[in-house]
Structure formats: structure tokens, C-alpha cells
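**Student:** Take a look at the letters that make up each chain.
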Amino acid sequence: MKKSLRMGGIVATAALAAVSLAGCGFGGGTASDGADGKATTLNLLVPSYSDNTQGLWETVIKDFEAANKDITVELEVQSWDNLNDVVTTKVQGNKAPDIMNGGPFAGFAADELLYPIEDVVSADTLGDFQESFVESASVDGVQYGAPLLASARALFVNEDLLAQAGVTEVPATWDELLAAATKVSKIGGGVAGYGLPLGSEEAQAESAIWFYGAGGGFGDATEITVDTPENLKGAEFIQKLVEAGATQPDAGATDRSPLMDVFVQGKIGMIIGLPPTVGQIAEGNPEMKYSVNPIPTMDGEPFTLGVADHLMAFKNDGKKQAAITKFLDFFYSADQYVPWVTAEKFLPTTKSGSSAMDSNEDLLPFLEMLPDAQFYPSTNPKWDATNAAFKSLVGQLAQGKDAQAVLSEIQAKADAG
Amino acid sequence: MTPDDMTQSIDEPPVPTGAANGRPRAGVVRARAAAGTRLTDLFSALPWIGPALILIFGVVLFPAVVMIYNSTRDISLSGIDKGSVGFENYETLFAFAPLGGIMVRTVIWVFAVVTIAVLASLALAQFLNKAFPGRQIVRMAVLIPWAASVVMTTLVVYYGLEGYIGIINKFLVDINLIDAPYGWTKNATSAFVWSIGIAVFVSLPFTTYTILAGLATVPADVLEAAKMDGAGRIRTYVAIVLPQLRGALSVAVLINIINVFNSLPILKIMTGSIPGYDADTVMTMIFKYIQNEHKIDVASALSVIAFLIVVVIVAIYVKLVKPMKEL
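Quick mapping for you: the protein sequence lines, in order, are chains L and C. Everything in the first sequence is counted per the working numbering, starting at 64 for the first residue and increasing by one. Everything in the second sequence is counted per the working numbering, starting at 33 for the first residue and increasing by one.
If you are wondering where the hints come from, they were derived from the structure by calculation, not from laboratory data. For every residue, glycine included, the Cβ atom is placed at its ideal position computed from N, Cα and C. Accuracy of the hints is not assured; some may be wrong.
Unchecked claim - Not the full set, but computed from the structure, chain C residues with beta-carbon under 8 Å of chain L:
{"hint": "1", "residue": "A96"}
{"hint": "2", "residue": "G215"}
{"hint": "3", "residue": "I306"}
As the list claims (entries may be wrong) - Computed from the model, here is a short list of chain C residues facing chain L with C-beta under 10 Å:
{"hint": "4", "residue": "K218"}
{"hint": "5", "residue": "A223"}
{"hint": "6", "residue": "H326"}
Build the full structure now, drawing on both the sequences and the hints.
**Tutor:** This is the structure in C-alpha cells:
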């Protein structure tokens, strides 16, 4: 009997633990909501752009709390991989963050979870955002996202490899690219002419390079158009690159980050890169001779793929609007924002930030491209499904599947939503 | 009370055959008198079994019910419940063309991993059951795949197979087995086969130790008797050892089936970057629905199906093999 008493105790403890754990997941207590006008706590959920991200936000928060004694900011940093799961779980548990840094927000806007941005920033801050970002931050004419940072893409060229292969001019059109990449691939020894990352990590970005480059695209806020004659030309050119042996092997399953490492190691002739790529090369292989060039397109027209990430403010119980406004205005002031965005090596989205940074030589080629930037139709409610379809399906192009069939398959997934 | 006595008193038929094996018959008397007091018995037992019941409800039934509930809801991308949709999520799922292939692959995955793991473990356990110098160390070494994190083990192989820097790839080129590095993890079939290999590797310690425990229960005198009767080694193994291992084997197989079916990390790492659904099993597909498409509702529906499949497999297995039955 004594023995079973002890067992009962153990089981009871375990049961208690289990029940209280379960309680955590399903709507536990929330932090103080500041209804009494004293301490307000703002929950800030951000993804990690680099190893600096956490420290940069902590600096901003320290300065902000020093200036606003009645507000504390709780920072939570997550990886991009986890961000969506984390926020979905929080929303389900009625514990959405007050401010979140994220990519697509159309889903949250559709569920009426977000403050229109004009409700949570002052008129000065609102007017300081560059106009080119406003459209992609709005759903049905209401701006929900505060553009936080932007990136543009460009063709990074390993000058040494091109010279070695006898290519004298950086390609500007597809035909030139194909010829140049094929020559570079012939060097041998594991060298690839063009780095084509069609693996799931960021397949939609690489596809955009070719689809928009052919004059096609992904559609707009109301309609997703993947299965178009222009995009078919882009898809067929991708296959042409692969068949000619101008790319690295297994392009359909190669992710972007690992492939970028290979470029930095000097084994790839050309690849599409981002502003942070400059820093990566400086850190990993500073001796490499490279240049940053406009993306080659079918007919040589300039184009770049722009991506803007946003800050968004969740309504929750609606009691923290004033505190959120204070924080966002504080953050977007030039002396906070410019050091932040510079350290993350991305492009600024505010006019004041842009003029403060135009002396930065690393970023200059990207800043110049930004006016021609095309954006994903990320405010389209079906963009998430489209994005997912690209990630899981478009790589089949490089595995020899019929281009038309791949486009139809993605379009069907996108339409299903 | 020994466990043996417990089964006796519960399973005992009312016919008093007890004298035959000479065991005390206390249970029979109590069972006859108990009819009226059964309810009181239950109540007095409640404080003792209550915590266990709470545990079962809290960690087993509650999540299962939430899962089934979610599978009939329309949950938005941001996680808001938009109301009931009946069986629409299941219809979406069954209209999904690659599902058939995914099911077939799941069966191949479970069958291949469990079969190979059990056969290899039988051999390994037989070897470890022999007395030889350093046996203790070898036995400990077998535990290593179990002690290491599955994700870590898989990543080691994954990077070994990498095209540019992979050491396994380089080795295969150096011994002239292949001409140039091959994208093992970038093609569905090869990635799937390698995954099976890793899954076998991480299943070995548990399976081997279960069988080893079974081998320890084979009485030496029976083996000796077989020897005296002139039975050869193979005959002894098939006719004497294997039947004695039935209990250990059936537990090892059952637990492996459930484990391998539910295993995500190996396939997720090894086949994650492959486009299309040619290397997916039910588990990786559930993950893709959540991670890529943010469809918690459809993912729940697939989880329910997976749950049912496991229940059916286990039921068939229990029916056929009767692992709980005493010899």
C-alpha cells in the first residue's frame, strides 16, 4: 500500500504538471494592459535578420524606455523560419504581439487584427515613408504596414572567373547571360557559370527574376497571374540554362543561403544577390574581385525585385494605441532608424533615412535600382498560397518537367488559396 | 504480490481449477462477494487511479480532441477560427493528387525501416550476447546513436552528402564509385533511401537492447538440452531462441512502427529542399501544410488520418501477433 501511495503521488504531480502546461497553451493570463495609466508593456516580436538584430533592438528599446518611463517593451526575437508559426500560435491564443516585424500581412488585415498605420504613427512619420512603398503596404487603399526596410536584388559577378573564361562584358540580356555562364561552367573543377537557387528556401524570388525579366510577373492585389505566355518564356529560359549546363547541378533543390556561400568561396560566376551579400563577401572572402550589376532581362530593360518588410501593430484589446504610437514615432526618427537599418545592411524606407545614407557606397547601386523595383503582390489574399506553391513546385523546372505543366500546377494551387 | 499472481486473480474463471496448479484461490471468493459493492470499490479506488486518469485526459485525450475539432474548422492564415466547415478539409485533402503517392511512400518508409532495423538488431544482439573481451565497451558504443540527437545525426550525414563540401561525396569520388559529386539529398529517390538508412541507424540501439533483454531470458539449460539432442546452430536459433524472443520482438516491432511512422526530423532535413511531393510521407506533408501553406485546418485533417492509420496498424498487429499474450 505504501508503494502505491508513493506512485499515486508521482502520478498526481505529473498530472498537475501536464494540466498546468496545457493551461499555458490555451489562453493563460496576459501581461498588464496599462488600463490604470501606469506601466504599459508593449510586446515586440521581431525576426532575426543577422546576428546583430537582437542587440540593435535592445539599444532602441533602452533609449526608448529612458525617454518614456511609463512604458516597458518586451522584446522577442525569432528566426524567420519560426516567425509565422509563433505569431499564428499567439493569435490563436489571443496573445498577439502589440508590434510585429514581418513580411506579408494581408491575412492579419483581412482578419481585422491590425491598426491602420495612420492610427499608430504621427503625421510626420507617415509623410516620411517613401511613396514607392506605400502601395505594397496597403490593402484596399488602407495602409496597414509601416515599411521597415527594403532590399533590392542585383547580379553579383565574380570578375576573376569571367575573365578566366574569356568573357569581357557583364551580360545585360538573357542571350548574353547564357553564353557567358556556359563559358564559365566550362572552366571545370566544380565551377558553375550561374548560381540558380530554385530550392524551396526562396524559390519565389529566383522565379520572379525570370518571370518579371520576361515582362511577366505574379499579378496584382486582386489577381494572381502565374500561368501566362510571358512567364512561360521565363520558365523555358530557366530550363535552357539548366540544359546547357550553365548552372550548378541539381538547381531545382538548391537553397539560396548555402549556394551564396559557394559564390563567396569563388566557385560561381554569377548569382543574384542582396545588399547583405556585400557584407558576406567582405567577411568571408575579401580578396574576391566582384562587381554589382543590373539584373539581365530578356531584352535588357532594367528591373529589380524589391522586397519590403513591415512593422505592423495589432489591436488586441485596443488599450495600447498611444504607447504604440510613441514607440513607432521614436523608432522612425532618423537618429534611431538610420543606425539600425545601416547596421542590418538593408535599404531605408524613409525619405530622411535615404538622404542620410546616400553616401554609403556599398548600397549605392541598390539605392539607384530601387525606383525600377517590382514587388510581390503580397497584399493579395492568395499570395501566401502562391508563395507556398512556388516554394514547393517551381524547382521541378530544373528537373526537366514540362514548363507549361509546372506553371499550370502553381496557378491551380494559387487559385485554390 | 507478484505480477503473475495479479493476472491469476483477475483472469481466473469461476470454475475452481485452482487445485491443479496448487495456488491460493483468494480472488475467486472476493469476486463472488463483490457484485453489490463494485461501485463502492470504484469510488474508494478513485483517489488512487484519479491522477492517472487526469494525466490520460490531459496529455492524451485533450490534444487528440482539439486536433479532431480543428480538422472540421475553417482556420484563417493568421490562426483565427472562422467557423465549422464540416468535412471540407478532408475533401481538400482527398482531392490533392499526390496524396496517393505520399501514402504509398509512408508504407514503404515504415516497412523498410522497421524490417531492416529489426533484422540488423537480431544479428547485433546475438553478437553482443556472446562473451568476449571488451563487450561492455561495445555494448555502450551501440547506445551512441540513441544518445545523440536525431537532428544532429541527420545533419552530419546531410552535410557529408553536400555536393561542394560533403565528405561522404568526396570519399565516394575518391574511391571511384562515382565520377563527380552527386546531389544525394537533392533527388527524391536517393534522399529517401539515405533517410531510410539514417532511420535504421537511430532505431538500432532501442531495438538491439530490447532483443538483448529477450536473449537474457532464454534459459541456458534449454540451449544445452538442444545441444545434447544434436540440434545444429541454425536449428537451435530458429526453433529455440526465436520463439523465446517473441515477447521482446513484438514490443520492439510495435514501438518501432509507431516511432518510425511519426518520425519527422530525418525526412524533413534530408528531403526538405526537394521540389514537388516526390519524397514526402504523411508526416512531412503535415509539416508542409503548417509551415509553407499555413493551413492548420487541413494539417489537422491529415493528422487525424495519420492517427487513424496508426490505430488501425496497431490493431491489426495486436490481433495478429498478440504481443500481450503469455507464452
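**Student:** So, for every hint listed, does it hold in this structure?
**Tutor:** We went through each hint and held it up to the structure:
| no. | hint | in the structure |
| --- | --- | --- |
| 1 | A96 | violated (12 Å) |
| 2 | G215 | holds (4 Å) |
| 3 | I306 | holds (5 Å) |
| 4 | K218 | holds (4 Å) |
| 5 | A223 | holds (8 Å) |
| 6 | H326 | holds (6 Å) |
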